[in-house]
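For this one, chain U is given, so just place chains Z and C on it according to the hints.
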Amino acid sequence: MSATLLIEQLINGLQLGTMLFLMASGLTLVFGVMGLINLAHGSFYMVGAFVTAVTTASTGSFLLGLTAGSLAAAAAGAVVEVLVIRRLYHRSHLDQVLATFALILIFSEGTRWLFGSSPLWLSPPDWLAGSVALPGGARYPVYRLMILAVGVLISAGLYLLISHTRLGMRIRAGESDREMIGALGVDIRRLYTLVFALGAALAGLAGSLVGALQSVQVGMGEPVLILAFVVIVIGGIGSIKGALLGAILVGVVDTLGRVFLPALFGHFLPPSQAAGVGTALAAMLIYVLMAVILAFKPQGLFAAHD
Amino acid sequence: MTDPSTDATVPTAAPRLGRQCLVNAGLLALTLLAPLVAHLLGEAYYVNLATRIVLIAMAGVGLNLALGHGGMISFGHAAYFGVGGYVAGISAFHAFDGSLLLGLPGSDDMLVIWAVALAACGLLALAIGAVSLRTSGVYFIMITLAFAQMVYYFATSWPSYGGQDGLPIYLRNGLPLIDSQQPLSFFLVCFALLLAAMAITARLMGSRFGAALTMARLNETRLATAGISPYPIRLTAFVISAMITGLAGALYADLNGFVSPAMLSWHFSGELMVIVILGGVGRLFGPLAGAIVYVLMETLLGGLTEYWLFFLGLVLLGVVLFARQGVIGWLAGGTPHG
Amino acid sequence: MNILTRAGLGLLMTTAVSLAQAEEVRIGMITTLSGGGSHLGVDVRDGFMLAIDQAGRDDIEVLIQDDARRPDLAKTLSNEFLQRDEVDIMTGLIWSNLAMAVVPSVVRQGTFYLSPNAGPSALAGRLCHENYFNVAYQNDNLHGAMGAYMREQGFERPLLMAPNYPAGTDALAGFKHLYEGEVADELYTQLGQTDYAAEIAQIRASDADSLFFFLPGGMGISFMKQWQSSGVEMPVFGAAFSFDEIIIQAVGSAALGAINTSEWAYDLDNAANRAFVEAFRATHERTPTLYAAQGYDTARLILSALEKAHPDDQDAFREALRAADFASVRGDFRFGPNQHPIQDIYVREVVEGEDGQPTNRLVGLAIEDIQDVYAEQCRM
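Chains as they are written, first to last, in our numbering: chain U, 18 to 323; chain Z, 2 to 339; chain C, -14 to 365.
Think of the hints as simulated: they come from the structure by calculation, not from any bench.
Nothing here was measured: the structure is a model prediction, and the numbers come from that model.
All C-beta atoms, glycine included, are put in the ideal place defined by N, C-alpha and C.
It cannot be assumed that every hint is accurate.
Quick list of simulated restraints, FRET-style, between CB atoms [to be verified]:
| id | chain 1 | residue 1 | chain 2 | residue 2 | range |
| --- | --- | --- | --- | --- | --- |
| 1 | C | His269 | Z | Leu176 | 50 to 56 Å |
| 2 | U | Leu131 | Z | Leu176 | 29 to 35 Å |
| 3 | U | Phe313 | Z | Ala116 | 31 to 37 Å |
| 4 | U | Gly283 | Z | Ile179 | 21 to 27 Å |
| 5 | Z | Leu178 | C | Met365 | 35 to 41 Å |
Bound-form chain U, shown alone:
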């Protein structure tokens, strides 16, 4: 295992981490401000990807598609918030899990009804295709570097939004004392709709960006949803900082585990078995990580509040 390959895999891990952060930040924001567990967050990821694919195919512009995808996800988020989610804030986590589980079914099958069963085409635009040389000789896809950059920009943007704007102030106020900001005359219903739509837009953006690298198909949001939950639980639910750290941790651990565990077992098992055992353990690795962290820090690394 050369140093170049190790560095390349680290970048891969970071890039997966930034992607997960886009998903996780919305989830954790919604939980922090409204106290809501949203299993349907992956559906916004899917909506973003589908709308981006359709828009890009019909207009030929990936940027336009990306915009449309994020906006559509935001719109879907706002509509769902007003029709359904709003009724769930004062309910138990159990009701929230059930209602958003139902929303997954509705979104997935509704998407299939509208767009059909076949996966859709979506590729990075020509100006982002290809790869560049990294120091050390390896080549790295431009598009993945772009995702990394977008992830960093969004993290910075979210930080500024929350710490330096009026909306951010209200969000922080909502996190620490829900009754209080209502008393302060903030239109809390509009604030909640806005936060929910923002989270959905981030998920939609993630889905659109990743859709160009992966398969745009029904159900694409579910694996990433579970990962995003692992991320926010590790980081501490409600904490944006925790989500960022958790996302990078999960991204790097998952990527390196997939590469090194099979190789590790290769030292003392026959190759056919080593691959099987190593891959199996790699699949379990992030859940082990999460269980270990929660066993020692039951509120995650950066607990905001439960």
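Chains Z and C only, in chain U's frame:
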């Protein structure tokens, strides 16, 4: 719908409880009579469908003990259901093969399988619960999910017992004196075990232990002032809950003649929660009502439209938004945990 | 409530109809119509129903149910077909794990099962059965054929990649069986994995001269897109499972140049195939995939056997199926002793079609009359 905590005033509770008993008796009679009639008509399919409902209900009874009575929202009960199933599958595999597992022979005797499934699920839940119960709220939901995912990925990638392809049970495991191959006898066995599981839950919740568990859910501080630590109470309830679900899993594998990682998936954990909530959380007969409604919807909608999951989603959403007490609450009114 | 009542009425009506027509043939199809990967089931169904409709027989009733890719649901539906609807023939399952759950008990209860896709090794060998026919392939056929083709083309160090599950390990074993040479490395990925950056970096760092992979459905789409943008230059080979017409449309230009093996191609030149492709395009306004062709062949095999016998006469109907007396869209088609096909496997290349979209073009024959290795284990 009024808030359940203010609803349970003494004068109205008595007639409501009467109505609830009626509904419960009706549910039991329906569950027992429908397959009997089907059997007389020679419709084995409906007998098996009823067995499926009974077993899903039993898994739900297990989850309900943790989730409804104990307030422990486990998003990972598929792990116990699946492990129970794999105990039945692996045991039958070795019995069929004549091979040994850890020096022990397999068995195709259900009594042995049930004992092993109960023990395996109990131990697994003891380990998982011991760690998970240190957390609470959303963290508990997610850590139970994480443990279930570990078991899922392990089963998917472990090649000896079929991995993702699953493990068939060619001949249903047997019972002394009873012909388990015969659909109606197998149904009656499952039905009796469901009743036993419900009786154990009722007995447990009526005891001092149940009172402590309820108090741990409602007001942990008050339990602590009474000098009782909530942790061992919860852990015990969690383990019993997992064992009931695991036994249902072992029977379910025998019903299907097949066990696969799908029994361990987070979708199934979700479905199990849906069934418990659909029936009415913390109600003794809730899981049975939920399982009847859910399985029938799945069976009937699936034949009507390709997009049946869409409509299933709509129905579930309607239940959670507008029928907060679940099916039993809707039929009988009254409060849960009664 | 309304839906439930209507469903109940529907049930009663189908029961009534079945009593009226005792001599009709009932076919139960369980296939994947919802969720991820449902385009395979949709194509099997559409191909199958095209043949049934073309036959114009009003004594054949086809019942179709969706398994949502869940083994336990498939199992329940199969019981429904066997015990309530009393079907004569079952078909439709796409995935090997579902087939393993359903098929052994169906055929042992005396009902015929014809597989339009899944061909797990156990059902070809140890668990083969006189009532089980596979009209598509044993799963290894396409992988083995590619092994033979790549050896013939002179590749010396292929790197192999597949998900870590039984069909994945079987695929690589099948490939190696006919490739017979050294391989650079074997990578096992997670089932359902969507990000392949780590694997691509490993492939780049290896000394392989070619890549053979088995990543069905969405996994293949994700991998091909990421492979293209990685800039690694290496010829890519696979089985048709990652390169059906619908998948390569979703992959786009990244699929161009990939070589894949298939037992069928839409530009295969025979009369039955020309008629099938034309009719399918006319009805569904899309080019059929191999799954549609398999569904079509399955239905045509059933129709050919029904000309000779009713399934109630089990021995005669089984003999009629074994004869495979129908014009397959693949050209030559016959069954081996384990009732799996002995067939030619073709090589296709993904090229740019006239409309600018990627499409498969037939380039030649990979291997003639391939038969699976599991037939030896079959005691019928």
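For each hint, the structure was consulted:
Between C/His269 and Z/Leu176 the beta carbon distance is about 51 Å. The supplied range of 50 to 56 Å therefore holds. Checking the proposed 29 to 35 Å range against U/Leu131 and Z/Leu176 shows it is violated: the Cβ atoms sit about 51 Å from each other. Restraint check, U/Phe313 to Z/Ala116: a C-beta distance of roughly 35 Å satisfies the suggested window 31 to 37 Å. Between U/Gly283 and Z/Ile179 the C-beta distance comes to about 51 Å, which lies outside the given range of 21 to 27 Å.
At roughly 36 Å, the beta carbons of Z/Leu178 and C/Met365 sit within the given window of 35 to 41 Å.
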